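Please work from the sequences and hints to get the whole structure.
Heads up: the sequence lines are chains A and B, in that order. Okay, so the first sequence: first residue is 1 according to our numbering, each after it adds one. Okay, so the second sequence: first residue is 1001 according to our numbering, each after it adds one.
Note that these hints are calculated values from the structure, not bench results. The model shown is predicted, which means the values in this text are computed figures rather than measured ones. We put the beta carbon where it would ideally sit given N, CA and C, even for glycine. Careful, some of the hints might be misleading.
Estimated spans, in silico, between C-beta atoms of each pair [as the list claims (entries may be wrong)]:
| id | chain 1 | residue 1 | chain 2 | residue 2 | range |
| --- | --- | --- | --- | --- | --- |
| 1 | A | Asp116 | B | Lys1111 | 51 to 61 Å |
| 2 | A | Gly18 | B | Glu1072 | 38 to 48 Å |
| 3 | A | Ser73 | B | Tyr1101 | 34 to 44 Å |
| 4 | B | Pro1146 | A | Gln29 | 40 to 50 Å |
| 5 | B | Val1077 | A | Gly17 | 55 to 65 Å |
| 6 | A | Gly17 | B | Ala1051 | 38 to 48 Å |
| 7 | B | Cys1003 | A | Asp102 | 29 to 39 Å |
Negatives, chain A to chain B, calculated, CB over 12 Å [to be verified]:
| id | residue |
| --- | --- |
| 8 | Cys3 |
| 9 | Gln25 |
| 10 | Gln26 |
| 11 | Thr55 |
| 12 | Ser62 |
| 13 | His71 |
| 14 | Glu72 |
| 15 | Ile118 |
Quick look at which bits of chain A chain B covers, simulated, 3 or more residues with Cβ under 8 Å [what the hints assert, rightly or not]:
| id | stretch |
| --- | --- |
| 16 | 125-136 |
| 17 | 139-148 |
There are 2 protein chains.
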Amino acid sequence: MGCPRRLLLVSNSTMHGGGYLGHCQQHIQSFLGEKVKRVLFVPYALHDRDAYARTAREKFASLGYELDSIHESCDPVEAVRKSEAIFIGGGNTFRLLKALYDNRLIQEIRKRVLEDGIPYMGSSAGTNVATVSINTTNDMPIVYPPSLQALGLVPFNINPHYLDPDVKSTHMGGLREGAMLLVEGNKATLQGVTGARLFLSCCAVTDYSTEFDCPFTKATFKFSKENENKKFAEVWHFVVYHL
Amino acid sequence: MGCPRRLLLVSNSTMHGGGYLGHCQQHIQSFLGEKVKRVLFVPYALHDRDAYARTAREKFASLGYELDSIHESCDPVEAVRKSEAIFIGGGNTFRLLKALYDNRLIQEIRKRVLEDGIPYMGSSAGTNVATVSINTTNDMPIVYPPSLQALGLVPFNINPHYLDPDVKSTHMGGLREGAMLLVEGNKATLQGVTGARLFLSCCAVTDYSTEFDCPFTKATFKFSKENENKKFAEVWHFVVYHL
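Here it is as structure tokens:
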């Protein structure tokens, strides 16, 4: 029996002209299904956690799910322990990762997702922290987390909001539909319509259109010990982009 | 008698259509003058230090200066101790800052610039590390330095390559002349033709054209202890931009 993990990793939470998570709401419903009733929301990536939780709660209510925000819990680890599903929202990746460490949530989230198989959904920074490390974030280091190693729920890194350097972009952002990655066990499927680019060990680059099967069944989890960033080049870099 | 520091902080090392440091070569000569004969180059921000040193050596030779690269010295701290002038080149800011810590150069460079008054020139990442911290870098965190606190040669932060969010940019980069900041004692003068934007304590934003005197004589050096990033919001954020 393999790893029971199930993840939906979204590149961006808002598309031009659409509301919060509007572009991926059908994917969310399909991903969470009918068995999940309550979702645990992690708003740490933004400064105003109350406002962020209100926005997320409203959206998830419209999709038929109750939402608990972890910042309203007096025991965040216990909140993870009891959760049916986890959604980590976007914002600043450094702020988010630091808060995950400060609240001692790394191991508990790993256990719930990798051992217990509860669904994990991430958007932008929440997608970044699901990977091996945040070495590929575009965010500003506004705070200093105790490590760049992240949750390691998948054996590669992701750079959300990827902009293809060869394409003349208007730099307006969010005009195209965003990409997302559905991970089930050892299989990853690209969703959305913009495609992705895969970097392998800093050498080969392969472009994929949507609905391919990510070939990472060959990969094994390679966790660096804290601060051993030299191993970064050995892990797989997976880049999900929207233009 | 005030602080004898002299710094030339350049936003970017290469402009579209020009060679390495071509857009600021007159400023460099004017800054270093005729008393300086040898410049100590710090190539840590790029992976290929030999190639980087060759490029810099060639450019400085054309301007009339010998160049020693610190990576060719068996005792980097001693190299700083003996230097007449320091130039730290651009590249990845995280890689650069980590190497400065790994080689135990932070205190020695501070002493040479702030106490002994030797000229310090930085470009891009080399400008970033001259400031209070690298919290405002745009670079990817490809390695994990022991702190985000930098050399603290000036009492504010700089974001090189600043792109004005209100201006429709073609995102081509480097088409306009870059900005640079000349710091002499407690006075900073903006040079180049693109102007700068000053952020004060995360509230007021003021745009400056060139050749103004930066009003930071009111500022005092506020050094955070390592990891005390909450003080970040209290320092002055100075943004030098090129479009």
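Consistency of the hints with the structure:
At about 55 Å, the beta-carbon gap between A:Asp116 and B:Lys1111 stays in the expected band of 51 to 61 Å. Taking 38 to 48 Å as the suggested C-beta distance range, the pair A:Gly18 and B:Glu1072 does not conform, at roughly 55 Å. For A:Ser73 and B:Tyr1101, the hinted distance range of 34 to 44 Å is satisfied, since their beta carbons lie about 37 Å from each other. Roughly 45 Å separates the CB atoms of B:Pro1146 and A:Gln29, a value that falls within the hinted 40 to 50 Å.
Checked against the hint of 55 to 65 Å, the pair B:Val1077 and A:Gly17 passes, with Cβ atoms roughly 56 Å apart. The hinted window of 38 to 48 Å between A:Gly17 and B:Ala1051 holds, with their beta carbons roughly 46 Å apart. Between B:Cys1003 and A:Asp102 the CB atoms are about 37 Å apart, so this pair conforms to the stated range of 29 to 39 Å. A:Cys3, annotated as away from the interface, keeps every beta carbon of chain B farther than 12 Å; the closest lies near 27 Å.
With a closest Cβ-Cβ approach of about 28 Å to chain B, A:Gln25 is found to remain outside the 12 Å limit, as its non-interface label requires. Once the 12 Å rule is applied to beta carbons, A:Gln26 is consistent with being away from chain B; the minimum gap is 32 Å. For A:Thr55, the non-interface assignment is confirmed: its Cβ lies about 22 Å from the closest Cβ of chain B, beyond the 12 Å cut-off. Under the 12 Å C-beta cut-off, the non-interface status given to A:Ser62 relative to chain B holds; the minimum distance is some 31 Å.
No beta-carbon of chain B comes within 12 Å of the beta-carbon of A:His71; the shortest separation is about 18 Å. The non-interface label for A:Glu72 is consistent with chain B: the shortest C-beta to C-beta separation is roughly 23 Å, beyond 12 Å. With a least beta-carbon separation of about 29 Å from chain B, A:Ile118 lies farther than 12 Å from that chain, consistent with its non-interface assignment. Only residues whose beta carbon comes within less than 8 Å of a beta carbon in chain B count, and the stretch 125-136 of chain A has 3; three or more means the coverage holds.
With 7 residues bearing a CB less than 8 Å from a CB of chain B, the stretch 139-148 of chain A meets the requirement of three and the coverage assertion stands.
When held up to the earlier numbered hints, the structure conflicts with hint 2 and nothing else.
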